[in-house]
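Engineer: When you get a sec, could you build the whole thing from the sequences and use the hints?
Protein chains: 2
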Amino acid sequence: MTQARELTIVGHPAPRVEGFEKVTGSAKYVADIPAPGALAGKILRSPYAHARILRIDTARAEALRGVWAVVTAEDTLRRGWGAFVQDQMALATDKVRYVGDEVAAVAAVDEDTARAAIDLIEVSYEELPAVFDTESAMADGAPQIHDQYERNTVITIAVERGDVEKAFAESDVIVEDTFESQHQWHAPLETIGSVAEYSPSGKYTIYMNTQTLFMARGRIAWVLGVSEADVRIIQTEVGGGFGGKSCDDNNAIIAALLARKSGRSVRIINTREEEFMAGSRPRVPMRVWVKIGFSRDGRIRAKQMRIVADNGAYSGKAPAIMGVSAFRHETSYKYSDTKTEAHLVYTNKIPTGAFRGFGNPSADWAVEQLLDIGAKALGMDPLELLRLNAVEPGYVSPHGNRVEGCELKQCIDLVEEKMDWKTKWAAKTPNRGVGIACTVHVSGKRHFMDYDGGSATIKMNEDGKVYILSGEGEIGQGANTVFCQIAAEELGVKLSDVSISRADTDLTTFCLGAFGSRLTYVGGNAVKAAATALREQLFEAAAEMLETEPRKLTARDGEILDVGAETSVSTATVARARLFRRGGAPLVATGAFDADSVMQDVTRYGNESGAYNFGAQAAEVEVDTETGQVKIRSYVSVADCGTVVNPIGAVGQVTGSLAQGIGYALTEHLEFDNGRPVDPNYHGYKIPCIADMPPLEYAFADSYEPSGPFGAKGLGELGSDPTAACIGNAIFDAVGIRIKTLPITPEKVLALLRERDARQA
Amino acid sequence: MTQARELTIVGHPAPRVEGFEKVTGSAKYVADIPAPGALAGKILRSPYAHARILRIDTARAEALRGVWAVVTAEDTLRRGWGAFVQDQMALATDKVRYVGDEVAAVAAVDEDTARAAIDLIEVSYEELPAVFDTESAMADGAPQIHDQYERNTVITIAVERGDVEKAFAESDVIVEDTFESQHQWHAPLETIGSVAEYSPSGKYTIYMNTQTLFMARGRIAWVLGVSEADVRIIQTEVGGGFGGKSCDDNNAIIAALLARKSGRSVRIINTREEEFMAGSRPRVPMRVWVKIGFSRDGRIRAKQMRIVADNGAYSGKAPAIMGVSAFRHETSYKYSDTKTEAHLVYTNKIPTGAFRGFGNPSADWAVEQLLDIGAKALGMDPLELLRLNAVEPGYVSPHGNRVEGCELKQCIDLVEEKMDWKTKWAAKTPNRGVGIACTVHVSGKRHFMDYDGGSATIKMNEDGKVYILSGEGEIGQGANTVFCQIAAEELGVKLSDVSISRADTDLTTFCLGAFGSRLTYVGGNAVKAAATALREQLFEAAAEMLETEPRKLTARDGEILDVGAETSVSTATVARARLFRRGGAPLVATGAFDADSVMQDVTRYGNESGAYNFGAQAAEVEVDTETGQVKIRSYVSVADCGTVVNPIGAVGQVTGSLAQGIGYALTEHLEFDNGRPVDPNYHGYKIPCIADMPPLEYAFADSYEPSGPFGAKGLGELGSDPTAACIGNAIFDAVGIRIKTLPITPEKVLALLRERDARQA
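Line by line, the protein sequences give chains P and D.
Sequential numbering from 1 applies to the first sequence in my numbering.
Sequential numbering from 1001 applies to the second sequence in my numbering.
One thing to keep in mind: the hints can contain errors.
The following label-pair restraints were derived from C-beta to C-beta distances [claimed, not checked]: (1) D:Pro1047 <-> P:Lys28: 37 to 45 Å; (2) P:Pro13 <-> D:Asp1596: 47 to 55 Å; (3) D:Pro1746 <-> P:Gly202: 51 to 59 Å; (4) P:Gly564 <-> D:Asp1450: 27 to 35 Å; (5) P:Arg581 <-> D:Asn1681: 43 to 51 Å; (6) P:Thr532 <-> D:Phe1580: 23 to 31 Å; (7) D:Glu1549 <-> P:Gly564: 43 to 51 Å; (8) P:Glu549 <-> D:Asp1450: 19 to 27 Å.
Taking lysine-lysine pairs in the DSS-like style, the calculated list, with each CA pair at most 27 Å apart, reads [said to hold, decoys possible]: (9) P:Lys428 <-> P:Lys376; (10) D:Lys1748 <-> D:Lys1424; (11) D:Lys1028 <-> P:Lys28; (12) P:Lys261 <-> D:Lys1022; (13) D:Lys1203 <-> P:Lys28; (14) P:Lys203 <-> D:Lys1494; (15) D:Lys1028 <-> P:Lys261.
Okay, the calculated bits of chain P under chain D, using three or more residues with CB under 8 Å as the criterion [stated by the list, open to error]: (16) 15 to 28; (17) 197 to 205; (18) 460 to 474; (19) 590 to 601.
Source of the hints: derived by calculation from the structure; they are not laboratory data.
Cβ atoms here follow ideal geometry from the backbone N, Cα and C, with glycine treated the same way.
Structural biologist: Written out as structure tokens, the structure is:
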């Protein structure tokens, strides 16, 4: 599906609008924010996974020369906070619940002094029995991590659509299995950090590398007991987010507390160890049992699922993540009768949270492998099974997700072609195999306050150049470039004549921020709405100058043309003339967009997003049966993201998400020892480096999302969703073993190969 | 004249919105702007009043360790710039034209190194004959300061309205005289300064303590040869403007050149000596001959005037200032037949420019004394003469200024009452006397690009609190407090719930900035327009919640009430509900206002402002005939500024302007020696201190400007306009001498007293 209007900027490669600053080192990350006289903040963290705090003595720390402030729970309102469940404290109150939990903090003239002061704080703990896995946590007589939650269960979901029992009874082939996934850390280049200032007039100003600054503002205002207007969040350059910088942690709050108490600016940047132990909230580990029934022809007839998810010590976004794992998958394939039960369970480990893909990768790891198992049982090529069941425009999932634009089948077709699937599937070369998996993602998600909107203000200078004020936030994903492209396209000016602000809660209008693959779609629609309104003002003025009607005008490269009359005038001339005259006014417009989605009701029925994006992937692997090493020989990733606004950026998203998908599949993992992560740094936690990346072929479906800006929808997350399952399926095709717990380490592969060989022997 | 609506915030005393930051020292002036690694910039200035530059050798300066950049005219486009006449260079090209003219500049690691490098720059000059007074400059064979201007005359105005010869012939009493005025420096607490950054991507960011940041942007972009969008001006806190910080000087431009060349941030803050020699552009000295003819009953019948104004070496705003001196006075009293001739003449002294009152004080010094002389000749009480001739609503000046709101007669009545004029005028106590003088000022002036508009964007947070984005600029005058009051009043929220941005050309819409007493009127109208638009959105949402119609609603203190139905809802509740819902959008609106004034045509006919403000003052002085000292025993200042938005701020304006008026009248003056100001610092230049201030009585006319926001109009400048004449008139009443050259020093008084005594002897 294509569109009538010829696009000159959207759909064409655009270098990053902030690229120059980044490559020259002038971009300002948290560490670069000038804050003369800023103190260094350091946090005292719990060494215990579960303990009662009996006493905190800060006297010696306070007496140390160079220390300006020491804060404990005494300095807080002891008010729980969190995105959905308000179970987290700014500083531990009475109890600590994981190794790394914040107990106290110090602001001092330098880092060394702050560290020394931390060592001088004396905390008496009474250690409590701890639980580190969901099974133990849910067992009778397990220690209660939070008093009010029975069996440590934060939330339980139980939903049936249709008649699952009947549907299974009517199924010809039924398969089932259980799959487990692990924590995955975002491991961005830059750790979480903030610089907080406090004016005794009552206002906090916090420079943060957050993805979601207005949400951060709301939460921080709540914890500090002030109004939103009393907190100003200024987004710094962000060195990678991936969900980990969406303000579910205490870094900025503690900086704010220290700034208030010390009367000085306070900078706290997580060390890499802190980042792993207690910083960005890693992906929620899940155990997923899933059962699917098929008709003889391969059509999915029934599905049942049971999830137990490891929440860690506090909730953050895990309730929503588990909800996504439970339901969203059913927007990929045509489901009718399904039943899902899911339990989110506290353990004495790091709180879990949002990571690119949200609940998808954990669910896809299970379901997309089970479909592969189903194909085997049906004697079908799994690609054909997926193509047969793939959703199409007009599909409504059992939970209400309405699919309008959808090119999932086209994605599968492209994967087939680019992987040369038919040949490779037939080949059955020893130790080599291919696998396929698909996914669906959202373009924004309605799960906060019945709102999934965005807004932007665009002004045009008297020189005809354009400035966008947006509060969504560039976090390295390229959103600001996309926004500038959309505005340039709509206004008919050169991309180089469009600039964009940093996000700042005081200066920009409310935006939910960067999560849920929402920026191109929701943020882009808001930018487009503002640009359309601005263009109307511009064309009205131009029509007056050209003595024509606005509807006859078109604009391109900074020229406004009356095509019929063969007359034109430059945008700059119009802009200057519209301002500098009697009754003049600057050209400025605000646009807003709220997705046409529906908040889930109490039965969890709704339509979570305004548009759904899809992906299909195929992997070709070779398994070294001596070492258990899995080598990915080639990889194909195809996405349906509607119109590709910026091809350079889109390829970056595809490549980056594949790297995270491969890491999730093969290497990323930290051992815990009594609740303490072992070796919490890049030495212990292996993310794929460039040498680990396979040759990647990618493609984008020819697609146009009717509700998107110039036909665009989300892309950023779907690329890592099905990767682990895809690799798992290829491994099965290669060597006939099925790994069911992530990551797929050589040790696990070897063990299963030995088991296989023993079976065959 | 009063208004129907009861005001709860406008008209009530409001503490400064930025007051807390100022009194606690956290407000950021140029010196406080954090710029890590910023270099110190220093400027090499001409020691000659007029000279040809033969050669500049910067080699030794460049070689000095710690020097990052040296710039000369070679680093510029050699492009003249200026508000009206583009005769000034960023750095001297070929010639220097006054002592202090910028020749070269250095950026170095610290001030000492920069200063040392300045001393290492070798400049060969060929000294040229110089002219230091307008008479010599206009003489045959005078040295040409700028090649293209004959007799060194930049601009000549010659306008006659009606038939002046006939009108004088019909006059019963005719008086004439010549009065001279001097340079007056703004002498603010903070000197001009800037911090410039340059990104090799092509963008300059300049932190400046300017009054007029968008105008600064336009001029700086022009000099640097870039587009407006390539220059971002961020206004710092401003430690006093008074016209001197309206970007007619080279400080920021040189900082930008050094930043570009060095690749580092560069900070240049004028020393106090530089500020006097070549920084803020002092008031234009003028010689004014004026002749007025009266009917026997005291009505003004004819007026003729000749002005010669000392432009100094470059033009800046002097052309407009001389235009104001030439014509605006005729909006105070009813004139019909007038003739004016005015010449603006280059001399080899510091360029002159805008100072509070613009052209008024220089003209008032002459005309308001001549009216006093006329009253004597007519045998009238001068107060009666002024009251008889004072303009009233409906008056149109000979040059087209249309007076709508006007309470000048009420001002005169109030002066009469508060000075106990009748008694004191009759008393004739030896060496004591009273004087009166009036003035008119504008509320914005249409003299740039046929525009006298303003704009503002207001957003309401989800907590119902309000944030204003305004590019007009707080410079210490209290404009931001007035804007917050107007927004709070219109939106019905508490003043403490309104905040306002700093002005920033990237983030705020185009505003002309702080000059011409325009902010309360023009800027205030723009803020009010934005608030009205925002209130419409707010009331629409509130009406939905209260199940009523928007027109039935009113708001006060953050509550929106349906008075008839006795129902209400808080603004915060409405704001949150309007955002967080399906189809939600943030509350935000932009407002614009352009004054209903008319640009002067080629005959200088127009209507310069949307509203005129008026003032009347009376002084009671005592002259010490032994020392020549003039002591002001009491002073009355009455203003017609329409509605007084902030009584605290208004009194500050009245008091501050009186101090500058008294300084202008009695003490402020620098001697020049061969074009070089002698003793250019506060030791040599005496501004009144608190002990020099007389007991001040003030009043504000009961007044309502129909076109103003809540009836308000300008106030800031009129308080110093007539002060010198008022004191001069009082001295005449006290001791019968008429001082005709400013300032009124004891030496001049003594000399005239001796002359008087000799005459009487």
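Engineer: Taking each numbered hint in turn, which are not upheld by the structure, reported in ascending numerical order?
Structural biologist: none
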